[in-house]
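K.L.:
Input sequences plus hints: build the corresponding full structure.
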Amino acid sequence: MALEDYGASFVMCPACSRRTTPQNWRAHLQVCPSCGAHQPISAPERLASVLDAGSFVELGEHIEGSNPLDFPGYDEKLSDLRRKTGLQDAVITGLGMIDGVKVVIGVMDSRFMMGSMGTAVGERVTLAVEYARHSGLPLVLFCASGGARMQEGIFSLMQMAKTSAAIADFSADGGLYISVLTHPTTGGMIASFASLGDITIAEPGALIGFAGPRVIEQTIGQRLPEGFQRSEFQQDHGFVDQIVQRGRMRETLSQLLRLHGYGVMHG
Amino acid sequence: MIREMLSQLDEIDAMLGVTKGEERRTLMERREELLIRCANLTAEQKVFLARHPRRPKIDAYIHELFTDFFEQKGDRQSREDPSVLGGIALLHGEPVTIIGHRKGTDLNENVAYNFGMPGAEGYRKAQRLMRQAEKFGRPVITFIDTPGAYPGMEAEEHGVGEAIAQCLALMSRLTVPTIAVVTGEGGSGGALALGVADRVLMLENAYYAVLTPEGFASILWKDASRRGEACEVMKLTAQDLHAYGVIDELITEPIGGAQRKPQAVFSALDEAIARHLAELKTMDIQTLRQTRYERFRQIGQ
Ligand SMILES: [Zn+2]
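Read top to bottom, the protein sequences are chains A and B. Numbered as in the numbering used here, the first sequence ends at 267 without a single skipped number. Numbered as in the numbering used here, the second sequence ends at 301 without a single skipped number.
Simulated from the structure, these hints should not be mistaken for laboratory data. Incorrect hints may have been included.
Under the rule of at most 30 Å between Cα atoms (straight-line distance), these lysine-lysine pairs were calculated in the BS3-like manner [what the hints assert, rightly or not]:
id: 1; chain 1: B; residue 1: K222; chain 2: A; residue 2: K77
id: 2; chain 1: B; residue 1: K73; chain 2: B; residue 2: K281
id: 3; chain 1: A; residue 1: K84; chain 2: B; residue 2: K73
In this text, all values refer to a predicted model and were calculated from it rather than measured experimentally.
P.N.:
Shown next as structure tokens:
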């Protein structure tokens, strides 16, 4: 993929085809400096872009995925991706500060099997939600996931129930949950915790929906209109509070935390 | 082939009534042979039975297990989605709320019920009925039989994903006992939306999976025709899921499937639901909810 080709002296934007340096891409948080197209951003880069420098402490790093169905080739695929991405699985969870306000944060990474949710993602997210619930901290989750991970079958499906139940309890206790939908948030992801935020923010142009566009087109026998299931479509249909540019995400989260009474009294 | 074996069994059953002596003995032997072969089905053959057109549907379960059913239509927001059937009925004299996916018994009904594939409104109707069950302290019994939520434009425009997510969150905290029964197809999030229950029962030849086998094969291998292989690796049978602890009890079916002797399935299910409900009713609300949370919490821990 062009954007990860750090060795090259120029990378081309997949949206507008203009070229810029990899350094410039990173400086713009993987948003095209020319056209504003939001390209995938890694979980570590994302964390750095919204948290106060040096404030992140990982939780649940001991949780690793397994191969509950003994799915052929899956173990190899996991170890290969772990080596390539430096991630244990498709989400990083932990504690961090946004403008001095302590939050529980989870960030998904679509490089890891399209950010799909298997038992490791389900377990890490659930632990993060439970931590937020017991500590009374606000919760911010960045979703970037194609949905349930096929290779873990029914166990992946059940993570939808498990994470949603954790959010439901957290919410009933008065916890604040900000859900940020990024590209892509589809399938079992939109049908579980991604849709359960008190506040739902989307990045521009993200694919957000339940069924995949290809499956819908095959079912109805026609092409989908331009922009179908994108962030702007979801906002128009009432499922997103606001679309926020990546460059303004940190200040938006900070504003929302203050609006809920966090960080007002003690800075 | 399961299809041929089943139609031969049907033929033999019909002929047994009108034959005698040697001919009858031969038929009985042939029948015995077929039953033995039907008793050891592959996962793919079970999926075939789960989708059998004559397999009992939710209407039959309501008719056989409950009395005084009053259907409740509509989500009170925009539409009635008939692919989810719900209402109030008496179970052994006690009021309960019933919610389930509805498939038809013929082509006209199937079209009318969208082959049991709900849109957002079906799941919002389910939420409405669950809240009401909670208000009046009625246990909730759900029947799961869907290939999945409908992958169409309107479903997306109306937020079917959000509607499923809200079902999961709502069910997980209901203050009344809940029992889910996977009767046929338990396909993906559209099935799970009615499945976050205190007890999950499953018919022997039903399947429950992250996706239909065809969808699974086409996502993973870009080849929907590798369905048989998908059925095997997905571990989607009631036996597999019982071993994993994903379901609590497997309801035995007659050899060759529920459609051959539905009455046997109705009475087995009736007994199981009554037994589980009696157990759940001894628990206080806090324990009930906590146990339900833990039930799903420990899967993949
Ligand atoms: Zn561009």
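K.L.:
Now tell me, hint by hint, if it's right for this structure.
P.N.:
How the hints compare with the structure:
With a CA separation close to 18 Å, the supplied pair K222 of chain B and K77 of chain A stays within the 30 Å bound. At roughly 28 Å between alpha-carbon atoms, K73 of chain B and K281 of chain B fall within 30 Å of each other, so this suggested pair holds. Proposed proximity of K84 of chain A and K73 of chain B is contradicted: the alpha carbons are some 52 Å apart, above 30 Å.
Checked against the numbered hints above, the structure breaks only hint 3 and satisfies the rest.
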